[in-house]
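Undergrad: Residues per chain are reported as follows:
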Amino acid sequence: MQSESARMSSAAEARYRINAPNSKQRAVKVIALDAPSERIVKELAQRPWNGATFFTASAFGTTPKAGESFAGWLSDLAGRTKDLIDEVNSADLVVMIAAAGESAQAASIIGEACSVKRVMTTALVLGGNTVSDEALSKTLSHLRPWALMLVIASAEEYIADMLTALRA
Amino acid sequence: MLRKEQNDLLTQTGPGTPMGQMFRSSWQPALLASELPEPGCPPVRVKLLSERLLAWRDSNNKLALTDEFCAHRGVSLWFGRNEHGGLRCPYHGWKYDHTGQCVEVPSEPSESGYCQKIKLKSYPLIERGGVLWTYMGPPEKQPPLPEWEFATVPTEQSFMSKRLQECNWLQAMEGGIDSSHVSFLHSGELNSDPLFKGSKGNQYNMGDMKPVFEVVESPGGLYIGARRNAENGNYYWRITQYVLPAFTMIAPRADHPVHGHFWVPIDDHNCWAWSFDYKVTRPLSAKERKAMEDGQGIHVSYVPGTFIPAANKTNDYLVDRQAQKEGRTFSGVFGIAMQDASLQESMGPIIDRTKENLVSTDNGIIMARHKLLRALKAMEKGETPPGVSAEHQKVRSAAVVLPPDKPFKDAAKDALVVQNGREHATV
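So the sequence lines, in the order shown, correspond to chains A and B. Taking the numbering used here, the leading residue of the first sequence gets 1, the next gets one more, and so forth. Taking the numbering used here, the leading residue of the second sequence gets 1, the next gets one more, and so forth.
Everything labelled a hint here was simulated from the structure, so no lab data went into it. Where a beta carbon is used, it is the ideal one built from N, C-alpha and C, also for glycine. Incorrect hints may have been included.
Only part of the chain B face toward chain A is listed, based on derived beta-carbon distances under 10 Å [said to hold, decoys possible]:
(1) Met209
(2) Phe213
(3) Ile350
(4) Ile365
(5) Lys406
Once the Cα atoms are required to be at most 20 Å apart in a straight line, the calculated EDC-like pairs of lysine to aspartate or glutamate come out as [unchecked claim]:
(6) B:Lys394 <-> B:Asp414
(7) B:Lys406 <-> A:Asp133
(8) A:Lys138 <-> B:Asp405
(9) B:Lys377 <-> A:Glu157
(10) B:Lys119 <-> B:Glu51
Start from the sequences, fold in the hints, and give me the full structure.
TA: In C-alpha cells:
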C-alpha cells in the first residue's frame, strides 16, 4: 500500500486543496524617505493595490526636536500631513524606500515607532550600483538598525514586484 | 504570490518553453561520472528538461548523450549492445555512434548509404569534476566549459552526490535560498552533524535566532546575507550565493568543506538535487568523505542501487514523532536534505503560488523570481541569461565579521569570488 505522504503529494490529490481565501488584507504602508524615492512612490501609488497606502517622509529628514510631536511628521502623496504613530498603529508592514547615497535619517523615527509597536519593517534601497561604497554605507548606516529586512535593488520595478508578492 | 501565468512560466522547462531555454543556455550536470565508469559500460537512462535521453560511454571512451529510442521502431536503446565504437539496437541491429549518427542498418545494402539519413538527437557530454555535464541548447551558442570552482579542484578535494526530488525544480531551489527556515527546520543539525558542528559561526547562529536579512543583486544572481550580532558592535554575516537559474552555495562553517546545490529539472514534476562539497587547498579527509557517503551534511543515504533517498515519500520519510517531541529534530525527519525535501514534496508536484502568503523575510525568494522573470524578458530580446559566463560561475559564499555600516557586497568583495589557492572566508 502507498504511504500517506506518497498518496497525498500526488498531482491528483492537489485538486482537493481547499479553494478558499486563506488570508485577510494586510495593511502595508510604503514610505519614501527622500526626494528621488518620493517620485518613484508617487508613480507606484497610481497602480491598483490591495490596500497598500503610500506616504513620504522626505520633507522630515531629521529627528523631531525635544517637545516636537510626531503628529505632522508624515505626509500622504497629496501633501496632507499624517500622524506617524497612527499610521504605524494600523500597519502590518512598513516598507521604507530610500535612494542609495541619500540620507535615510527618517528611518530612525519610523523604525523606532515600528519597534515600539512591534511592526515589521522592510527597507528597499534603489540604485546601489550607481553610487560609491561610502555613499551607500551612509544610507545603510541609517537603515540597518531599523530594517528587519533590507533589499538593495537595481530596478525600480522590483518594488512593484515585491508589493505584489506580499499582496500589498 | 505569483500570478498563474508567471508560475507556469517559471515552472515549465520542457522543449520550447522560455524557462527550458534558460536551462538550455548553460552546461547542466547530467549524471555522475561514476555512472559511466568505463568504456563500453552499460548505458544509463537520463531524463532532463522533459527529454528522454540515454547516456553511454562507447568502447573508445567517447561520451554520448543521445535520444533514448531507436529511430527504427522506437524501442529503448537502454537494451542496446555497447560494442565496437557504437551502440547497437538489439531489435534489428541498427547501430549509432556517440553523436547519434546511425552507422549501420543491417537490413539495407551498405552501398545505399541509408544509414547516413538517420541521426538521433544528441547533446554534447563532457566530464569535469566527477560530473558529466551536458549543454542542450543550440550548437552555435555553446558556451565555454563550466567553471564552477568545485568542478575545477582535484577530485580528492571534492564530493558530489545527487538525489531524486519529486517536485518541480523551483520549489526545491527556493528552499536553497530561503535562509530564514534554517533556524527552525535544521536547528537540530547545527551542533550535531559532523559536517557542521564546532564552528564559531554556530555560536552566533544559536545566540541570535532572529537574523536580519539583506538581499543584494549580484552579476549572476543574488547575494543573500543573513546578519547576526557579533562582538564589539560588528555583524556576523552568512552570505549565500544564488546564480541563475539553479545554483546555490551556502556559507561555510569553520574549516568544514563548503557546500551547495544545483536544482536541475528532470521534468516539471521532478528534479535532481545535486549536492557538492569541496575544499580549495586540501583533500577531503577520510572522515569527511565517509560522512558524506553515509548521507550526512547535505547528502543522503539511498535506496540501494538508486538515487532515491532512503527516507522518502513511500515510507513517510521515516518520520520519528518521538524525536520531534524530544527536540532531536524539529520536523521529525532526520537529515538536512530530507528535512527540506519532505516539506517541499509535501507541497505537491507544482505548488500553486497564487495561494501563498509571502512575508518580508521571503524577499530572497521574491527577488529570485523577479530576476528570473527579468532574465526571461531579456532573453526574448536575444540577451544571454545570467549564469552562462565564467565570471558568473567563479563565485563563492562567505561567512565574515564586518563593521556595522559596511555594504557586505563591497566589504567582502574578494571573499565572494574565486581566489586561486585561497580558502573561503569562513568563521
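Undergrad: Given the hint that lysine 406 of chain B pairs with aspartate 133 of chain A, test it: the Cα-Cα distance must not exceed 20 Å.
TA: holds, 8 Å
Undergrad: Classify the hint on isoleucine 365 of chain B as holds or violated, based on whether any CB of chain A lies nearer than 10 Å to its CB.
TA: holds, 8 Å
Undergrad: Does the nearest C-beta of chain A fall within a distance shorter than 10 Å of the C-beta of isoleucine 350 of chain B?
TA: This interface hint holds because 8 Å falls under the 10 Å limit.
Undergrad: Should the interface hint for phenylalanine 213 of chain B be scored as holding, given a Cβ-Cβ cut-off of 10 Å against chain A?
TA: Nearest chain A Cβ about 5 Å off; hint holds.
Undergrad: Would you check whether methionine 209 of chain B satisfies its interface hint, that is, whether its CB is within less than 10 Å of any CB in chain A?
TA: Violated - the Cβ of methionine 209 of chain B stays beyond 10 Å from chain A, reaching only about 13 Å at its closest.
Undergrad: Please verify that hint: lysine 406 of chain B, Cβ, nearest Cβ of chain A, below 10 Å or not.
TA: holds, 6 Å
Undergrad: So if I understand the rule, the pair passes when the alpha-carbon distance is 20 Å or less; does lysine 394 of chain B with aspartate 414 of chain B pass?
TA: Roughly 12 Å separates the two Cα atoms, so the pair holds.
Undergrad: Starting from lysine 377 of chain B, check that the Cα of glutamate 157 of chain A is at most 20 Å away, please.
TA: holds, 13 Å
Undergrad: For the pair supplied as a hint, lysine 119 of chain B and glutamate 51 of chain B, is the alpha-carbon distance within the 20 Å limit?
TA: holds, 16 Å
Undergrad: Is the straight-line distance between the alpha-carbon of lysine 138 of chain A and that of aspartate 405 of chain B 20 Å or less?
TA: Cα-Cα ~7 Å, so holds.
In summary, the structure is inconsistent with hint 1 from the numbered list given earlier, while agreeing with all the others.
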